[in-house]
Amino acid sequence: MTNHEITVSVGGGHELDRAGLAALIASLPGLRVVPLEQQLPPQVLVWEAQEGAEGLPSPSPNTAILLLTEDADYESLPERVNGLLSKDESSKSLGIAIRQVARGEQYLSPAIAIAILQKRKTKAALTESQKSAIQSLTDRESEILELLAQGLSNKAIAAQLYLSVRTVEGHLANIYSRLDVHSRTEAMLMAVRTR
Amino acid sequence: MRSSQTRLAILGTMSDLHSQPVAYDLDCLRKVVADLAPDLLCAEITLDNWERKDFSRASLEVREALAPVIASMDIVLIPVAPTVKQYADFTSDSGWRRRLVYALDQLLRWGQIQADDVKTVNGPWFAAFCHTVCWATERFWTAKERAAWERQNKDLAENIVRAVQRDSGRRVLVTVQCQRLHQLIPLLHAHDDLFSIVAFQNL
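Residue numbers (the working numbering), protein chains in the order written: chain F, 1 to 195; chain P, 196 to 398.
Looking at chain F on its own, in the form it has when it is part of the complex:
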């Protein structure tokens, strides 16, 4: 085991799906599959959704939950869930999503993020204070917010700007603070409404 290994458990779906998913995760560098029923809880639980988040167990509060879904019919992240990953995404995206939620960040697949934005963007206009907060962002923060609004993951934003993922997460924390929002979805919605 290396210092950077993230422990992951797999649940939900059918037994064969779980076995395939566990094998796939185990093949990705820096990830280790562990059983869910153990004293030391995993850092991430990847749950294959069948009826939304139904049946999702209540693991340790320190375990981040990544919901694997075919359905894009969400208006936001379900309660207790840290990330939504579309089953249409590549295995590489699965690795990126697991790492992102393991660090306490949220993850939304681009397709799901765009679907959420389409549903919610017309519901409210920006207030003057929100407009002013957006204008107060630095050029780099505005650039990152724009990429966030395109549904990009932190890794994809970092790769596009040739910055480290940690640096992007630092900028995102500043953006959330300046915009007075508490989630990725809220920040994305504000960005989309300014367009």
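Keep in mind that a hint or two might mislead.
Claimed, not checked - Result set (DSS-like, lysine-lysine): computed pairs, CA atoms no more than 30 Å apart in a straight line:
hint, chain 1, residue 1, chain 2, residue 2
1, P, K226, P, K280
2, P, K248, F, K87
3, F, K119, F, K131
4, P, K248, P, K349
5, F, K87, P, K226
6, P, K280, P, K248
7, P, K226, P, K248
8, F, K92, P, K226
9, F, K92, F, K131
10, F, K87, F, K119
11, P, K349, F, K92
12, P, K339, P, K349
Treat the hints as calculated values from the structure; they're not laboratory data.
Chain P: place on chain F using the hints.
Quick look at chain P alone, frame taken from chain F:
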């Protein structure tokens, strides 16, 4: 502004020898990079080719090991090669100089096979051997080729420095073919105020 200084490690690689049956093979290279999990990975591919995902002229290391391993990790690849030319593309005119360059290249390959593992290839004894052989090889290139090689290494070093300046305080791994090291290490040491260079095991 972050207070912690950038840590930078340089990992010498061995081009097509990584696909030979040596301990420092492509799997070993992938594992070293995955275990180190640097924030930024500076690699030998041009910006243009990286953005177009055109690996046809990228080195074997980038094509077969680095690009695949970072795809599912949080490592961001910084393309730092100024041109597509690699060490093996620099040569002399013809005749005895070319034959000597070939002989020295065979000597270097012999040394790489003897060194065999990642720690030895990146250790002091092999460094002295590799630097001497590569320095001697460069003497037999044409003056124009030698100048182009030196210019390329300077540009590559500047690209690394720019990446560090853009994102300071991070863990940066530079992977370059070991033939560059005797040129690149002094160029990077000129920027000790920007980063501390550490052994790859200590990144």
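Hint consistency between K280(P) and K248(P) [alpha-carbon to alpha-carbon, up to 30 Å]:
Within the cut-off at roughly 17 Å; holds.
So if I understand the rule, the pair passes when the alpha-carbon distance is 30 Å or less; does K87(F) with K119(F) pass?
20 Å, holds
For the pair we were handed, K119(F) and K131(F), check the Cα-Cα distance against 30 Å.
21 Å, holds
Please verify whether K248(P) and K349(P) have alpha carbons no more than 30 Å apart.
25 Å, holds
Check the hint pairing K92(F) with K226(P) against an upper bound of 30 Å on the C-alpha distance.
Holds - the C-alpha atoms of K226(P) and K92(F) are around 17 Å apart, at most 30 Å.
For K226(P) and K280(P), compute the direct alpha-carbon distance and say whether it is at most 30 Å.
27 Å, holds
Under the criterion that the straight-line Cα-Cα distance not exceed 30 Å, is the pair K87(F), K226(P) satisfied?
Answer holds: K87(F) to K226(P) is near 28 Å, not above 30 Å.
Does the alpha-carbon distance linking K349(P) and K92(F) stay inside the 30 Å limit?
Given pair K349(P), K92(F) is violated - Cα atoms ~34 Å apart, limit 30 Å.
Please work out if K248(P) and K87(F) have their alpha carbons no farther apart than 30 Å.
24 Å, holds
Does K248(P) lie within 30 Å of K226(P) when you go C-alpha to C-alpha?
22 Å, holds
Are the Cα positions of K339(P) and K349(P) separated by 30 Å at most?
It holds: about 15 Å lies between the C-alpha atoms, which stays within 30 Å.
Check the hint pairing K92(F) with K131(F) against an upper bound of 30 Å on the C-alpha distance.
Judged against 30 Å, a Cα distance of about 36 Å means the pair is violated.
Comparing the model with each numbered hint stated earlier shows that hints 9, 11 do not hold.
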